[in-house]
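J.: We have chain A already, so just place chain B on it with the hints.
The listed protein sequences correspond, in order, to chains A and B. Each residue of the first sequence is one higher than the last, beginning at 1 in the working numbering. Each residue of the second sequence is one higher than the last, beginning at 1001 in the working numbering.
Any given hint might turn out to be false.
As the list claims (entries may be wrong) - Computed from the model, here is a short list of chain B residues facing chain A with C-beta under 10 Å:
#1 H1116
#2 S1120
#3 E1158
#4 H1162
#5 N1196
#6 P1390
To be verified - Between beta-carbon pairs, the in silico distance windows are:
#7 K52(A) with S1174(B): 25 to 35 Å
#8 T26(A) with E1236(B): 21 to 31 Å
#9 T1369(B) with G35(A): 28 to 38 Å
#10 D1249(B) with D64(A): 37 to 47 Å
#11 D1374(B) with D18(A): 34 to 44 Å
#12 E1264(B) with D64(A): 31 to 41 Å
#13 Q73(A) with T1369(B): 27 to 37 Å
#14 D18(A) with T1369(B): 26 to 36 Å
#15 A1294(B) with R34(A): 31 to 41 Å
Hints listed in this document are in silico derivations from the structure and should not be mistaken for laboratory results. For each residue, glycine too, the CB sits at the ideal point set by N, CA and C.
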Amino acid sequence: MKAGYCCIGGILWVKNGDTLLLVDDTQRRSWTLRGDEAIAWELLCTGYRYEKLVRQLSLILALDETAAREHLQAMLHTWHQKGILQQNGAGS
Amino acid sequence: MLRLHDTPQAAAIDAAAHVFAVPLRTRVLIYAPLHNSAAIIDRAGLDPLRQHLAGGDISLPAALADFATLIATPPPAVPGPKSGPLIPSALGILSTRACNLACRYCGFLPETGQQHMPPSLARDAVNWYMDTVATHDIAHAEIHFFGGEPFCAEDVVEVAVHLGRRRATEIGCSLRFEVATNGTFSEARCHWVADNIDTVILSFDGTPDIHNKHRPRRDLSGSYDAVHRNALILAEGNAALSIRACITDETVTKMPELAAWFCETFHPEAIGFETLQPTQWSQAADLHPPDALAFARNFMRAAEICAEYGVQTAYAASNISAKQVTFCPVGKDFVIIAPDGTLSACYLRRYEWEAKNMDLAFGRFDARTGAHFDLDHVAFARSLNVHNKPLCDGCFNKWHCAGGCHVNHSLGTQPGDYDRLCVQSRLITLYNILKALDQVALLEDVFDDAAALQRMLLQPSDRIDRVEVPL
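Next comes chain A alone, as it looks inside the complex (with noise of 0.2 Å):
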């Protein structure tokens, strides 16, 4: 199963603690992630398929497998809204 988001273009990410800051140079924008959110993010970023991704935040997160898929679909979501990710096949 694919996530259906793909992050957009010209986004880099920093860490700094438990707090990521991501920046979209072409568009001067720029985005915290914190505690779940920051997990989430990394996670995503080494490349996980869906389901290993879901089972990964379920150990960290202490939720069962359906709660952890909701929490995942959730943060998606959000991060799609605020344009930090795009629709898998939208373009960069």
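T.: Chain B alone, transformed into the frame defined by chain A:
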């Protein structure tokens, strides 16, 4: 112990046990590691100092008097073995016993049974450890990863790191992660490591000709390119990079140039040089440990170069800032969990302990009920300490080396029965002490005098009340 010091005579005898004298041709190093003190004296000054320590009414030169008074007092603290309930000093996670390399000197045989740790076991172990940290109000927690190659089970490392950090934030303690790795992971994983691990001990033996010969992949292709790329990434990242180079008889003379190259190219925080531990595999590959004197001398040269770059040079058995009864995790209540849930004091493989008639497993982890320790086995691990190593009793390096690896360093039982590892450890520790005193030239002089070197290295006891220094 306190009663031992009831009389001045008893106190003096006890103090002398912690003061060592090492002859350096016409001079003598007086070393009191537990007082953090050392001095260089002329040989003629040794006997008066000994008499002073033995409680004699001796007048000493003013320059020596304060030092003599200090070392005549019992040391502020004598390191002792752990006792009481086992409260883990750190958690070690053997994420996998598998490895993607086929290092020519490596004795890590494939082991039957569970190779990779289930990520759920890592989760449970981290939760147990962090619960313990919270219960005992421990301010600083440590999680170390060992292998095989830990990143052959990268999901295990990832779960432990993210979960550990969440738990540390909840508890309000600091948490440090350390990993010993061959550094052949992907570029993306390397960036993750640079961001998430505090200290990376990277096995890196040198330039491509050396590294690829020592550390090929399983298909016998070289691993150098990946390690070089990743070392550069780590050099730029947040993790402290510590390079660990295995030195053989072929590479020992190259240590100074390797040190310069490592420093210039990778800007590590530290470089650890260790000599090859002979195995049947290393012998089959015609790889051999270096001569102890050649290793020590080239270590000194490498250390001088590293110092110019502000890089620390490490040899594990010669760290003079460490005062310890055991050299490694064994005996320090460091709890190491294996992929099958076994809890042990040592990260080596079971067959290596068993070959030396040891069982360093001391418990099991159960997913439902947590960690269970066998107290007799905990006591055995704690008993492996320098207090129980007769060879080390009179060695000036005893509180730093503590006898070295309990499994792989077979110790003689007679005082002065030092082997290759003892000789190189004694020399490098001596170098570190003399460097701190700005007196390294004294050691260089001894290297040029074979008889003096022999006398210094092989005296049966360095204890000041037992040492025989010809006047």
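J.: Holds or violated: is there a CB of chain A closer than 10 Å to the CB of H1162(B)?
T.: With a closest approach of 4 Å, the H1162(B) hint holds.
J.: Does the Cβ-Cβ separation between E1264(B) and D64(A) fall within 31 to 41 Å?
T.: About 52 Å separates the Cβ atoms of E1264(B) and D64(A), which means 31 to 41 Å is violated.
J.: Holds or violated: is there a CB of chain A closer than 10 Å to the CB of S1120(B)?
T.: Status holds, d = 6 Å.
J.: Please verify that hint: P1390(B), Cβ, nearest Cβ of chain A, below 10 Å or not.
T.: With Cβ-Cβ at 48 Å, over 10 Å, it is violated.
J.: Honestly, do T26(A) and E1236(B) meet the 21 to 31 Å range at C-beta?
T.: 24 Å, holds
J.: Regarding the hint that E1158(B) lies at the interface with chain A, is the smallest CB-CB distance below 10 Å?
T.: E1158(B) check passes; min Cβ-Cβ to chain A is 6 Å, inside 10 Å.
J.: Take a look at whether the Cβ-Cβ distance between Q73(A) and T1369(B) falls inside 27 to 37 Å.
T.: At roughly 35 Å between Cβ atoms, T1369(B) and Q73(A) fall inside 27 to 37 Å, so the hint holds.
J.: Confirm or reject the claim that D1249(B) and D64(A) have a C-beta distance inside 37 to 47 Å.
T.: 57 Å, violated
J.: A range of 26 to 36 Å was offered for this pair. Does it hold for the Cβ distance of D18(A) and T1369(B)?
T.: This hint holds: roughly 31 Å between Cβ atoms.
J.: Report holds or violated for the interface hint on N1196(B), using the least CB-CB distance to chain A and a cut-off of 10 Å.
T.: Cβ of N1196(B) sits 8 Å from chain A, so the hint holds.
J.: Go through the hint on H1116(B) and say holds or violated, using the shortest Cβ distance to chain A against 10 Å.
T.: Since the shortest Cβ distance to chain A is 14 Å, the answer is violated.
J.: Take a look at whether the Cβ-Cβ distance between K52(A) and S1174(B) falls inside 25 to 35 Å.
T.: Holds: the Cβ-Cβ distance is about 30 Å, inside 25 to 35 Å.
Checked against the numbered hints above, the structure violates hints 1, 6, 10, 12 and 15; every other hint is satisfied.
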